[in-house]
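Peer 1: Start from chain Y and add chains H, F and Z according to the hints.
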Amino acid sequence: MSPDHRSTRSLRLDLLDQQVLDGTERPVGRVDEIELEAGQDGTLAVTGFRLGGAALGRRVGGAVGHAMTGTCRRLADDEASPLLPIESLKDWSPRLTLHRALSELPEVAGLERWLGKHVVSRIPGGGDARV
Amino acid sequence: MSTSKLFSFTLGTLSAIGGFIDIGDLVADALVGARFGLRLAWVTVLAVVGIMCYAEMSGRIAAVTKRPAFDLARSRLGPRYGLVALVGAFLVTGLLVMAELSGIAFSFQLLTDISYLFWVPVAGLVVALFLWALPFEILERIYGIVGLSMLVFVVAVWQLHPDWGHLWHSATTPSPTPGETWPIYAFLGITLVGAQMTPYEMFFFSSGGVEHGWGPRSFAEMRTNVIVGFPLGGLLAIAIQAVALVVFYPAGIQVEHITQTVLPVVVALGKVGLAFAAVGIFAATFGATMETLFATGYDIAQYFGWSYGKLQPPAQAARFTAVTASLLFVSVALALTTLNPIQVTIVAVVFSAMLLPLAFLPVLLVANDHVVMGQYRNGKLSNAIGVVTLGVSCLISVAAPVLLVYTRGGSG
Amino acid sequence: MRGSDLLGLPVVDVSGAVLGPLRDLRIDGDERDGRLTVRWLVVGGREWAHRFGYIDGRTRGPWLLERLLRGSSDSAVAVAASAVAQWGPDQVLLSEPAGAAAVPVETAARTW
Amino acid sequence: MTAALWYLVWPPRTQAGYTHQAQQTIGKFRSQVATARLWGRELDRDHTFLATASVGLDEMETDATNTLDQFAAYQPPAGQEPMRTEVTTLGDAVVTDLGELRIAARQGRTATVVRKAKRLGDLLDRIDTTTSDVSS
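Chains as they are written, first to last, in the working numbering: chain Y, 1 to 131; chain H, 132 to 543; chain F, 544 to 655; chain Z, 656 to 791.
Excised from the complex, chain Y in its bound form:
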C-alpha cells in the first residue's frame, strides 16, 4: 500500500506515547498528551505536548487513572505535566529529542530530579544526578 518512507506522520502511532529524550539524549519521559490549536485559517496544528503522570492519568481513565492524576497533582509544586511548546523540540525521528537538557527544564520529571539529587546520588557510587 503506502511506501515505507512517508511525508506525513500519524498522531496516534508516531507522536502519542512516543519516547522523549532531553538535549543530552537522556530519556525523560513519554508524550503523555498532545495539544492542538485551530488557526484563523482553519488549519489545525500541533502546538505542544505534555509529559507526566497527571496527563497520562487522564488517558488511562478509570479509578487508576484518577489516582495517578491526583497523586501527581499533589506531588508537583507548580502545575503538574506542564505544556512543552513545539519549539522546544529539536528532533522527531522517531523519538522526540528536546533542545535543552533536563537540568534546564525545571518543570519536567520532578520525581526523577528529587530522587536523583536527594537520595540516589547520596549513596556511595551513586554518581552525579546532573539535575
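You can trust all of the hints, since none of them are fake.
Chain Y is nowhere near these chain F residues, computed Cβ spacing over 10 Å in every case:
no. : residue
1   : Val557
2   : Val561
3   : Pro564
4   : Gly587
5   : Trp606
6   : Glu609
7   : Leu612
8   : Arg613
9   : Ser618
10  : Gln634
11  : Pro640
12  : Gly642
Here are the simulated DSBU-like pairs of lysine-lysine, each with C-alpha atoms no more than 30 Å apart in a straight line:
no. : chain 1 : residue 1 : chain 2 : residue 2
13  : H       : Lys511    : H       : Lys197
14  : Z       : Lys773    : H       : Lys402
15  : H       : Lys441    : H       : Lys197
16  : Y       : Lys90     : Y       : Lys117
17  : H       : Lys441    : Y       : Lys90
18  : Y       : Lys90     : H       : Lys197
19  : H       : Lys441    : Y       : Lys117
20  : H       : Lys197    : Y       : Lys117
Since the hints were derived computationally from the structure, they do not count as laboratory data. The structure presented is a predicted model; accordingly, all values stated were derived computationally and were not measured. Think of the CB as a built atom: it goes at the ideal place given N, C-alpha and C, for glycine as much as any other residue.
Peer 2: Structure of chains H, F and Z alone, referenced to chain Y:
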C-alpha cells in the same frame, strides 16, 4: 574474526546459558520428571522453539529500533492496556524475584544445613552489592560461566546408566502415565511452558541488546545467543526431567523441594556432583534474580519513559534505581514470611504462562511494522511460528486458571 | 485542545450525517521549524486495528492476525483537513457532504 | 472466584472422596519415606555431605507431619473410621521414624542415620499393605 572478538562472542553465548535456567525450571522440571517422566518433554521442546522465535524477534527489534521489547507494549497496546500488561508483568516477575532469591538461599542451605530463611537477606545483600557495583558485562560473564556447572545434570543422566529405550519410549508417549489424569497432565504441561517461556527473558534479552548497542550488524551475535542459549536451557530442563524419571519415578517420590531436585545428581555423581549442582543452582538463581529484578524495573521504566539500566550512573536513572531497590527489599521481606517459595514458584510460573499473549502480541505486531522495521521485518517463518505460539499462549491463558483450580494446583 | 479528547469524537458532514469516530490525524511539516499541521483525518474502523497499525498500512501480516484484528477494510476513510469547518469540542464538523470529502483510506495512504 | 476457592478447600464428603484422599496421603508418606531412605543410602556410600542429607531429612519429616495433620483433620464419612485409624497410625509411625533420622543427622551420628534409614524398608512394606487395604 580477531581472537578478542571471538572470545567476547563465545562469552556472550556462554553467558546466555546461565540465564536460561531458573527456579521455575528447577522445580517444575523435577516435579514433572518424577511424575510423568519425559512424557511432557515435547512441551519443553515446543516452548523452546516458541521463546526462541520471540527472543529473536525482540532482539531484532531492539537492534533496529534501539528500543527494547516492553517499550513497544505501550506504543502498541495504548496506555490503558499497556498498564494492564505492566501490572501483570510486575506481579508475576515480582513473585519470581522472591522465588529466585529463595533459590539462592536454598543453594547455600544445601551445603550448610542452615535454614534457607537465614540466607535470604544475605542473598538479597549479595545481589544488591553486585548489581550496584559491577557493570553488566562482568555480571553476565560470572553467572553465565558459573551457570555452566548446571551441565552436571546432563552428566548425571549418563552416569545413571539409564535404560535408554525406556527414556525414548517415555519421551515419545505424549499421554499421562497410568493412574494419572489428563487434566493434571495438561496442567503440568502449562507449568512447563510457564517455566520455559518466560517473558522476562525476552524483555531482559532485548533490553540487554539495547544496552550493548546492538545494531543490524550484530544480528549474527544475537542469533547465535538465541540458537545456542535457549536450546541448551531446554536441554538442561529435559536432563532434570530425565534424572527425576530414572531415580524418582520407580520409587514413587514426589518432588516438593530443591534438595530432591539435586538428589539424582547425588545418586549419580556423589559429593562432586552435589557441589557442582549447588554452585549451578546458585549461579542460575543468582542470574535469574538479577534478570527478573531488572526486567521488572525495565518494564516500569519503559512504560513511563524513564532512563533505566546501567548505562549511566544510578543517580541519573533515579526512579528506576528506586523502584528496583524497593522491589528487592519487598522480595526479601516476602521470602521471610516463610511463604513456601516452591508453591510461589508454581503459581508465578502458571500466571506467567497466562500473561504470555500480552507479552507476545506487541512484539509480533512491531516485527511486522514496515515503517519501523523496513527490510528487517518478519519473514514467513517468524510469522508462522509467532502466530502459532501466540495462538497456543491464548489457549493456555484461558485453560490455566481453570486447570489450576480443577487440579488443586496439580495435587488433585 | 487535547489530542486524546479529539480522538474518538464523531465526524459529522455538512448535512449532519455521521461518518464515524475520529481515529487518527496525519501530521505534516518539520518539527525543526516548529510547524506541525494536520493534513488528513482518519475516520472509522476498529480502534484496535488503528492501534496495531493495520489501517495506517504500516503493519502488514501475519495473515491470520490481520484477518482477525483488521475487520472489514472498507470501514475506515480519510478526509482532507481542509474540509473541516469546526474542530470539537464535541464533534468535528465538515464543510462538505461526506461523499465529496471522504476518500478510502488505501488511496489516501498512497499520498501520505 | 469464591466458587473456585470453595472447591479448593472443600473437604471430601463422599466415601470415594475420602478413599481418594487416603490414597493420596499414603502416596505422600511413601514419597517421604523413600526419599529419606535414599538420603540414608547415599550417606552410606559417602555420596553426600551430612549437612545436605540432614536438610533433606528435615524437610521430609516436616512434610510427613503436615500430611498427617491435614488428613487427620478430615471428617471420615460414616463407616470409614477404621480406614482413618489405619492411615493415621501409619502416619504416626512415619513421622516418628523420620524424626529419629533427622535428630541423628543433626547430631552428626552418620552411622545411626544409615542404620535407621535401612530399617525404613519395613515401613515401606507396611505402606504397601496399607495401600492395598485402602483400595480394596
